[in-house]
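The lines below spell out each chain.
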Amino acid sequence: KNEVEQSPQNLTAQEGEFITINCSYSVGISALHWLQQHPGGGIVSLFMLSSGKKKHGRLIATINIQEKHSSLHITASHPRDSAVYICAVKGIIQGAQKLVFGQGTRLTINP
Amino acid sequence: SAVISQKPSRDICQRGTSLTIQCQVDSQVTMMFWYRQQPGQSLTLIATANQGSEATYESGFVIDKFPISRPNLTFSTLTVSNMSPEDSSIYLCSVLQRMNTEAFFGQGTRLTVV
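Line by line, the protein sequences give chains U and F. Residue numbering for the first sequence follows the numbering used here, starting at 1088 and increasing by one per position. Residue numbering for the second sequence follows the numbering used here, starting at 4 and increasing by one per position.
Worth flagging that the hints you see were computed from the coordinates, not collected in a lab. We treat Cβ as the ideally placed atom computed from N, Cα and C, and that holds for glycine. Hints are supplied without guarantee of correctness; some may be wrong.
Stated by the list, open to error - Okay, derived cross-link-like pairs now, DSS-like style, lysine-lysine, Cα gap no bigger than 27 Å in a straight line:
1) U:Lys1155 <-> U:Lys1141
2) F:Lys68 <-> F:Lys10
3) U:Lys1185 <-> F:Lys68
4) U:Lys1185 <-> F:Lys10
5) U:Lys1140 <-> U:Lys1185
6) U:Lys1141 <-> U:Lys1185
What the hints assert, rightly or not - Pulled from the structure, derived: some chain F residues nowhere near chain U, Cβ distances all over 10 Å:
7) Cys16
8) Gln44
9) Leu46
10) Leu48
11) Thr51
12) Tyr60
13) Leu95
14) Ser97
15) Glu105
16) Ala106
17) Gln110
18) Gly111
19) Thr112
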C-alpha cells in the first residue's frame, strides 16, 4: 500500500462543476502539499497545509490531521483547470526533507 | 518564492548517449532535489544534491547512472548516462524554502530515448 493515496485517479467534469480530489496518507506528517502539473510537465505548488483550511481564489484545501486526510476543492471549474493534481507529504519520521507523492489525479474539465 | 530555471525542456536522445540537465535557482538553497516521473507514474526522488558534498541517492539509483554536480548554492546538474529507452521520463528539480515548508519545482525536462 502506498503511503499517499489519491482518489479519484481520473476525473472528467463539465465547466462550472464543483470538484473534489481526495488524499489519504498513512504516516505522520509535518506538512502536506497540493501541486498542479500541466501537460508540459512543470509543477506549481498550490497549497502547503499543516492544519485547517486554506483558500486561494477558486481553490480550497482542507486537512484533517487526526484522520490523515486532505481534500482539494475547485469551485466553478473551468477548462483551464485541466491538469494533474498531486498530493505530497513531508513526513516527520522518514527523511526530514523528502516529499512523498501520491500518484496524481488527472482532471479534465470540458467546456 | 523561488524561481527555478530548468533546461532543456525536452530532448530526444539516442540510446547509449548521455544528457545533462541544468537547474538554476534565483536564490541560495541548501538542498536541491532531483526527481524522475515515468510515464503515467508519480514522482520518485532520485537524489538530494548538497553543496560541497556528495549527493545522497535513493534506493535504486546510483551515481554512475545519474551523476550530480552542485558547484554552488544556486545551481545543480543531473546527468542521465548511457541512456536506454527505459530512461524516457520527465526529470524535475525542486527546492524547499521557508523553513522547508514551501516546495518549488523546475519546468521539467521531458526526455525521450530512442
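The hints, checked one at a time:
1. U:Lys1155 <-> U:Lys1141: Roughly 17 Å between the alpha carbons, so the hint for lysine 1155 of chain U and lysine 1141 of chain U holds.
2. F:Lys68 <-> F:Lys10: holds, 19 Å
3. U:Lys1185 <-> F:Lys68: The given pair, whose Cα atoms are some 21 Å apart, holds under the 27 Å limit.
4. U:Lys1185 <-> F:Lys10: holds, 23 Å
5. U:Lys1140 <-> U:Lys1185: Between lysine 1140 of chain U and lysine 1185 of chain U the Cα gap is close to 23 Å, so the pair holds against 27 Å.
6. U:Lys1141 <-> U:Lys1185: Roughly 23 Å between the alpha carbons, so the hint for lysine 1141 of chain U and lysine 1185 of chain U holds.
7. Cys16: At about 16 Å from chain U, cysteine 16 of chain F clears the 10 Å cut-off, so the statement holds.
8. Gln44: The claim is violated: glutamine 44 of chain F sits with its nearest Cβ about 7 Å from chain U, within 10 Å.
9. Leu46: violated, 5 Å
10. Leu48: Nearest chain U Cβ is 6 Å from leucine 48 of chain F, so the label is violated.
11. Thr51: violated, 7 Å
12. Tyr60: Non-interface label stands for tyrosine 60 of chain F: nearest chain U Cβ at 12 Å, farther than 10 Å.
13. Leu95: Answer for leucine 95 of chain F: violated, closest chain U Cβ roughly 6 Å.
14. Ser97: violated, 8 Å
15. Glu105: violated, 6 Å
16. Ala106: violated, 5 Å
17. Gln110: violated, 4 Å
18. Gly111: violated, 3 Å
19. Thr112: Non-interface label fails for threonine 112 of chain F: nearest chain U Cβ at 8 Å, not farther than 10 Å.
Of the hints listed earlier, those the structure fails to meet are numbers 8, 9, 10, 11, 13, 14, 15, 16, 17, 18 and 19, in rising order.
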